[in-house]
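Engineer: In order, the protein sequence lines correspond to chains B and C. The first sequence runs 6 to 502 under my numbering. The second sequence runs 6 to 502 under my numbering.
It cannot be assumed that every hint is accurate.
Any copy, or any two copies together, can satisfy a pair, since identical chains are not distinguished.
Here are the computed lysine-lysine pairs in the DSS-like style, where the Cα-Cα straight-line distance is at most 25 Å [said to hold, decoys possible]: (1) K183 with K196; (2) K43 with K223; (3) K141 with K165; (4) K282 with K109; (5) K130 with K390.
Read the hints as simulated data drawn from the structure, not as lab findings.
2 protein chains.
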Amino acid sequence: MTHTSAYQALTHTFARLHRFSHLGAIAGWDQAAMMPSKGNDARAAALAELGVLTHGIITAPQLKEQLDAAEQENLDELQRANLREMRREWAQANLLPAELVEAKTLAGARCEHAWRSQRPANDWKGFLENLREVVKLSREEGRLLAEASGGSRYDALMDKYEPGMKSAEIERIFTEVKSWLPGLIDRARAKQASETVIEPVGPFAVAQQRALGVEAMKLLRFDFDGGRLDVSSHPFCGGVPEDVRITTRYRDDDFVQSLMGIVHETGHARYEQNLPKDWLEQPLGRARSMGIHESQSLSFEMQLGRSPAFLQLIAPLIRSHFGEQPAFALDNLQRLYSRVQPGYIRVDADELCYPAHVILRFEIERALMDGEIEAEDIPALWDEKMMAYLGVDTRGNYTNGCMQDIHWTDGGFGYFPSYTLGAMYAAQYFASLRRAEPELDAKVAAGNLEPIFNWLNANIWSQGSRWSTDELVRRATGETLNPAHFKAHLERRYLGV
Amino acid sequence: MTHTSAYQALTHTFARLHRFSHLGAIAGWDQAAMMPSKGNDARAAALAELGVLTHGIITAPQLKEQLDAAEQENLDELQRANLREMRREWAQANLLPAELVEAKTLAGARCEHAWRSQRPANDWKGFLENLREVVKLSREEGRLLAEASGGSRYDALMDKYEPGMKSAEIERIFTEVKSWLPGLIDRARAKQASETVIEPVGPFAVAQQRALGVEAMKLLRFDFDGGRLDVSSHPFCGGVPEDVRITTRYRDDDFVQSLMGIVHETGHARYEQNLPKDWLEQPLGRARSMGIHESQSLSFEMQLGRSPAFLQLIAPLIRSHFGEQPAFALDNLQRLYSRVQPGYIRVDADELCYPAHVILRFEIERALMDGEIEAEDIPALWDEKMMAYLGVDTRGNYTNGCMQDIHWTDGGFGYFPSYTLGAMYAAQYFASLRRAEPELDAKVAAGNLEPIFNWLNANIWSQGSRWSTDELVRRATGETLNPAHFKAHLERRYLGV
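Go ahead and model the full structure; you've got the sequences and the hints to work with.
Structural biologist: Put into structure tokens, the structure is as follows:
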């Protein structure tokens, strides 16, 4: 390691920021998983104070000088990559005037708060009024970010979640997906029409569901000395890399969704638990992007979790907790976990329909941010695209249509593509893995998941933010993002080809 | 409200400190009740960073000027009391040089860490080596604090926990207690020698114990919308006033201790939950002292919880969770909860023996801080006093003798008197309460605890740190601390006089 003053000073500042973000992460987890209702105002005030503090630290004038000076210093390759990531975090905090950040936070909070009652009331008009302000401020944010980075406003917003990705590339990929996805959905549904699926018969006691979830997490090598499983109304993976907190929710009439939700969050968790230990306090030690994060949860849930080989491991655990049922036969579990049924709601969508939900949102939010449409144009576009891609009629149904997601309410434009990028990366990893391990499914069925964990650890987890996303994926799989693997995976699973 | 600039600036600074301390309190609770082992280093680093931050805020040079300027401003009575408490917090942070604080923290951490293995190994010699350094630095702390406040080093250290209390006053009180306590213990034991006590027969499922504890908390009006009950290895009351976190520990062969432990922590919790709402972000809104805090937990545990009237309410709950047992008869429960048995360990001591444990510690720590003895003199004094006050032989038994407590390991000299002050205040409150409510026990037995809560809320909880301790107690009971009430309570309960 070369020790030089500007770079060293930066590492101290970013370590401080990391420690403060630790407190924010634990307080945020607690807020969702533990906190009783009356704690809310004091918690919000405490977290806002922390936000003011960390904003002040990362916008201190000397940081710009130190970043520039460090560029001239004699740094090794890892330090240089860390410096690149420092500059990225610095830019995101410093390119926006404090007044805009505050105005967007307030408008987003107002819109989201009202949305919580407007959505069940199907009140698009009321929602639209608040959304217009969020759209206006998000466009302004995109404009300022794009001034520095080039590209469109939408590109600049998406870059917060997917560094380096461009919307032209997303459009190219999604256009291709649209050319085959509706047909694939139709064929899969035709194939499944003749299959009988037996529903599990509840109730399923929450304590048993939790015990089953913990067993699944152990099978997936979640480190319980460095993390926990709890309950929250919206499942998430939070905490800090040294202490990862995942959550789920239980319904006593259904364990199927909760179980696979735990498998999903465990994928996020193992990424965090295996980020490079020596770099955890630095930007280099963080997960690469939202798409890469989602590629871990979807590697666990879609590539591994819903595979016949893995279900073969899980089936006896299910029976040991809930007794024998016809529904727990292996072939029935496989059918349960691969049913295709277009519907209104993205978060409830199956693997095959999910990309359609993402593509329509991408198309709408991109046009909205780039000024091709206005907020009032959303419902008509939503109805048209839902019908075209999924054959679902959403006219007049805002509740389960364009008002269903939280993302736009507080200005999270540019996030949606990450979900489907993650699914595509995951399919690409497993194509590589299967080339390296031709007997992968047999090993999984025999309880040996190590080849998967070893591959993900060596290629993704341990790499943190060392490489750009393209470079990370190229080093891991020999090529940059190639959606053909995703298509092949879907055809194999849903058409058996 | 008068708005004036220096005072206003101070309220902003103290509100900021309060919000940061919120994050520290929740992270601290999480560390004890939730955090898995591998989270420890990162948590310690995050909390240390927070400590550096808040120390920097409260030692900023302008605070001294603002405190002085605010004294000249036109403040109302509550603002003036708040300013007094601000100055108190400021003084405690500013009278000590940072090097001393750091040296004491390090020496304390080293001593405590080693103590965790030295105590079970009965290794007094090893412990003494570390303790000497802690004693040296604590004396230095006391010297610097005493320079500003007057009085002895021990007075200055005790003042951190019991503002305004002097060791001469404690000595006067404890000398009087020593004149009657050993005799009272002997007579109580003689009286109990002829009683038969039936032990409850376990096991007692933890889930049932928890449910029973929650019912007791509801009976005691713990607000579950503003707090939680969880498990930790050392029970405590933590969190923040808006969201109070109490903990207990369960043993499946005994529910008696855990249940009364929950009653105890609920007393602390209700104090916190009912501090003055409008002042929670300011020093005026905090609990008055450690002794007054303990007076709340002991009002709940000793005055109310172990009273026959309250046990009459609890007995049916116990039976509903654990079935019928001879041990659950009301008179047997009363005997279980008032057994007197001198022993080695302070935290396991009964109500009657507890003050003896405190008095011997006070005498030793006072002499140690004021330079009358050295650390190596502790064991001989301990042995002598344990024999004199409790008839217990501790010679050679450091593990269950002078090495049993955590307080001295990290320099917490001056804290012990608060425990017995709390017991005395609690007895004094209930003497007042009984004068105002002659039918108090009958009301409690009938399930009406409101007279107690109303009295505590009006006289203690809602007052925060508005008054000095003496003034608070005088306003509540018509006199300052008067240990005669404590003696009368013990004689009534243990001798039936």
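Engineer: State for each hint whether it applies.
Structural biologist: The hints, checked one at a time:
1. K183 with K196: Answer is within; shortest intra-copy Cα gap is 20 Å, inter-copy 89 Å.
2. K43 with K223: between (35 Å within a copy, 17 Å between copies)
3. K141 with K165: For K141 and K165, the Cα distance is within 25 Å only inside one copy (18 Å; across copies 53 Å).
4. K282 with K109: The answer is neither: 35 Å in one copy and 30 Å across copies each exceed 25 Å.
5. K130 with K390: Cα proximity of K130 and K390: one copy only (21 Å, versus 79 Å across).
Against the hints set out earlier in the document, a violation occurs for number 4 only.
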